[in-house]
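With these hints in hand, go ahead and build the complete structure from the sequences.
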Amino acid sequence: MTPAQTTDSRVSAGIIALAAITLLIGGAFAGLLVEGAHDFSGAWAAFDPYLLRVVRFTLWQAVLSTLLSVIPALFVARALSRHPRFFGRAFILQLFAVPLALPAIVAALGILALYGRAGYFAGLFSAVGGQGWPGIYGLSGILVAHVFFNLPLATRLFLEALQTIPADQWRLASQLGMAARPAFRLIEWPTLRAALPGVAGLVFMLCITSFTIVLTLGGGPAATTLEVGIYQALRFDFDPARAVALTLLQIALTFIVVLALTRLGANVVGDTTLPVAPRRYLSVDTTEASLNAVFIVLALLFVIGPMAATVSAGLGADLGRLAGEAAVRQATLTSAVLAFLSALLSVMLSLALTMARRALALRRRAGRRTLLEHATDTGAGFVLVVPPIVIGAGWFLLLRHAGDVFAIAPVMVVTVNSVMAMPFALRAVRPAYDAASERHERLCAQLGISGWARLRLVDWPSLRRPLATAFAFAMALSLGDLGVIALFGSDSVQTLPYLLLARMGSYRTQDAAGLALLLGLVCLTLVLAADWLGRDKVRNV
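Mapping of the sequence shown onto the working numbering: residues 97 to 637, in sequence order.
It should be emphasised that the hints constitute simulated quantities derived from the structure, not laboratory data. Here the structure is a predicted model, which is why all the values come from computation and not from measurement. Ideal Cβ positions, reconstructed from N, Cα and C, are used throughout, including at glycine. Don't take every hint at face value.
[Stated by the list, open to error] Taking CB as the label site, the calculated pair distances span:
hint: 1; residue 1: P527; residue 2: A186; range: 23 to 33 Å
hint: 2; residue 1: S386; residue 2: S236; range: 28 to 38 Å
hint: 3; residue 1: S222; residue 2: P286; range: 41 to 51 Å
hint: 4; residue 1: F280; residue 2: S222; range: 38 to 48 Å
Shown next, in the form of structure tokens:
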């Protein structure tokens, strides 16, 4: 690192951000190592048949969830691609984005309200089965919830890949009179096949690190994943040795999946030929149009069902009484404050890494990137390897010798949620900052404008909307998170997801439905605001 790099305030800010991330993740690993060294024999003894059964179920449910999400998404995406103009298509695509905004615990409650033992479909299932409907807890509930979240995501990704097919290919296929089947085999399938490994790997990663869904819908030891096992080992059994063993396995498994995901990333770019004519779609016969309509309607009903059930059950709760409860008001205030601080910290860290990466890239001479530049570019992505429950478990084990671990709950929630939201915040901030730097970098250097003055006078007008987008999205993610607060939460520190889980555990389902409606509406509003700000930013570029 050259002296010029060390004097740049942007590089200094990036170093501080990297140090904060390293401290958070390194502290978690330190807690695991200290606990493992303290009770090595106990940690080794924890690798028993039960642990292997948990690993097997973790992988099995992730594989099934991926297959049930990705395979139907191929048909739904192709159906939407074959019919680019029909009434309600834009609404369907927007509706498919809603599950990304819903907290997992809200979606789980909606699924229970729809398919549970006392759900809206319980009578129908009982009549069909000839006996009482047992409910949807266990593997079936986990699969339904994962498909609810990941089918719309995979559909949108596949549809985005299909839209990269050059218009010239469709023009040529139309001129040759190509039918639907050879068009799929020669034009659409190569693009979908290139995108398939990346999409399937992403869905598998989301399912293997799923915590809230398995916690609320697992239903017992037979349906326990590694992350839920970590939570149970610390909060119920207080078996630190088993928690260490589970955590190490979770880290190893996640690292392998992330490594495979990076090597099997989807190649969704089209050919290098430039389109010379508007895209033309092949004619769709009546049979194919009917099948496409069935795929779209079934996917729409599957996605909209839990959301409608959440709204219906929430409106049936005594919302006035809930609003008047001191516990609800305190949990709402706590959630709002912690989410605000998490979003603020996430945006600050993301901006610091973005500025440092740009400054180092501009100062780099011919040759390979320095280690510091590489760290500012990929440091935030490293947090994907270490799920929130793993970081929380490490710090839980590290701090339990120093005093009351539950007293540190606000700090842990803010820091972990802020770091976990950074990959999403960077996607909003980095392109805008790079574009602003491309326009103003030389002028700022000539005028000697740097540091806070540059950020306030030069960069802020271009970054205002991207930062607002990142802030809203990070705040929504933090509001709906249950991973860290599940470990560190207590009667004195409760967020809305934690209170919702407590009401579900005490069978106060109507109260839980009302809280889910409130939490879901707030998070959805924040994500829609982030989406609107992002679109407005694009229009104004």
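Quick rundown of the hints versus the structure:
Between P527 and A186, the C-beta spacing of about 24 Å keeps the proposed range 23 to 33 Å intact. Judged by the Cβ atoms, the range 28 to 38 Å given for S386 and S236 holds: they are separated by roughly 30 Å. A C-beta distance of roughly 47 Å is found between S222 and P286, which places it inside the suggested range of 41 to 51 Å. For the pair F280 and S222, the supplied restraint of 38 to 48 Å holds, since their beta-carbon distance comes to about 41 Å.
Checked against the numbered hints above, the structure breaks none of them.
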